[in-house]
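Asker: If you're matching positions, the sequence shown starts at 5 in the working numbering and goes up one per residue.
Hints were generated in silico from the structure; no laboratory data involved.
All the given hints hold, so there is nothing to weed out.
Simulated restraints on C-beta separations:
| hint | residue 1 | residue 2 | range |
| --- | --- | --- | --- |
| 1 | Ala70 | Pro360 | 45 to 51 Å |
| 2 | Leu19 | Arg372 | 29 to 35 Å |
| 3 | Ala28 | Leu321 | 44 to 50 Å |
| 4 | Pro255 | Gly121 | 28 to 34 Å |
| 5 | Gly184 | Gly121 | 19 to 25 Å |
The structure presented is a predicted model; accordingly, all values stated were derived computationally and were not measured.
Ideal Cβ positions, reconstructed from N, Cα and C, are used throughout, including at glycine.
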Amino acid sequence: MELAVPRRTGHGRGLEQRHAQLFAEGLEQARLHVERFGHLAVAHTDGRAREGFDLGRWLANRRADATSLTVEQTEQLRRLDAWWNPPWPVDWQRAWYRARAHVHEQGPVRGGDNLAGLPGWLQRWLRHQISGYGQLHDGQRVLLAELGLSTGEVELFHTWPGRRRPVADGLAVAHAYAAGHGHLAVSQPTVVDGFALGTWLRNQRQRQRSLGRLTRLGHRLTDLDAWWNPPWPVAWQRMWWACRYHLTGLPDGVEWWPGAPNDEYTAAWLREQSARRTLLLSEQRRLVDELLSLTGGVPMWQPRISDAAWQTLSGLLPARSHTGGRPRSERQILEAIVHIACTGQAWTRLPPALGPFLACRRRFLLWRDDGTLKRICRAVLSEQDTVWQQQLAAYVDFSA
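Produce the complete structure using the sequences and hints provided.
Answerer: Here it is as structure tokens:
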């Protein structure tokens with residue numbers, strides 16, 4: 005006799021129905037996005053959330069778990085955008101849609117004329133595709149052909165006697181980035197108009213160091229940023245630029261780069277560099293001294309909690325329990341917690357004036373778990389104190 009496993013019915017299918025409902029909600033947001041922008045190549049943190057819906061994250065999750073989608077669900081997404089889940093980076097697909105919009109308006113591109121007449125961003129992106137054409141996916145080549153850049157046009161491009169070299173593309177992107185952000189201390193994942201600027205600069209740094217001298221390209225990059233290839237970590241140099249701009253203000257035409265640290269973090273960083281000055285290289289010390297001259301000396305830690313706020317907050321703290329150890333100032337501990345929340349630094353970088361970081365971190369965990377910090381964040385304080393209060397609330401939620 006053949007045994008049959010009974011199928012669950014009724015309330016047991018509630019989870020499956022809920023997943024279907026959530027998918028339908030996401031699909032509707034995807035449809036609205038396609039109506040407006042014509043594609044689903046949405047960045048993971050796109051910032052175009054409609055009514056609080058993070059479409060970028062929803063699509064990223066669907067791509068990561070595409071094998072669990074039903075045939076109908078996959079087809080629904082494919083009908084909205086045939087390339088919603090490409091076998092290459094979504095950044096590439098997003099750049100392609102931008103290029104396609106230009107082609108629809110201005111006509112197909114041609115490799116035989118060295119891509120003449122195209123906007124700078126499109127020239128850089130297409131030259132980057134041409135230089136790596138042999139490594140592209142077949143589907144990418146098909147999409148490039150839709151723009152006019154077929155295999156034949158790529159071959160014509162290579163035979164054009166006066167064409168620009170890929171190194172010139174990198175130099176052009178570096179020039180634009182330095183003009184927009186004031187430096188070339190970029191992180192490796194940095195991509196500009198589809199060009200991997202961070203990786204390209206890393207490769208150029210490695211080449212200069214292996215040769216032991218500056219090449220012609222190295223001199224060109226040095227003209228853009230004297231510290232584009234420092235003998236210390238590039239992340240340190242990027243923090244130096246952030247600190248300098250927080251102290252002097254952004255020059256005309258310069259803007260903050262994505263992920264730039266705030267003034268609280270850079271002030272704490274400068275205090276740390278001053279404290280470990282003897283461990284820095286001579287040129288680093290000179291750069292730190294340059295910043296200190298702008299501040300008039302080492303930026304000292306300053307308390308953030310006003311006396312009036314402390315009168316309110318002290319009553320919200322739990323009763324102190326004495327275990328025989330040295331009693332700690334609870335105001336000092338709260339100042340330490342607020343400092344970490346405002347600067348985003350690690351606990352190990354806590355200023356000495358605020359006490360041992362281990363004790364402060366233990367109290368933070370205790371007060372977070374027993375709801376004390378939530379009460380502090382909800383307390384009605386003066387406008388002076390609401391700034392750190394809001395940052396503390398965000399930090400508590402993030403660490404929960």
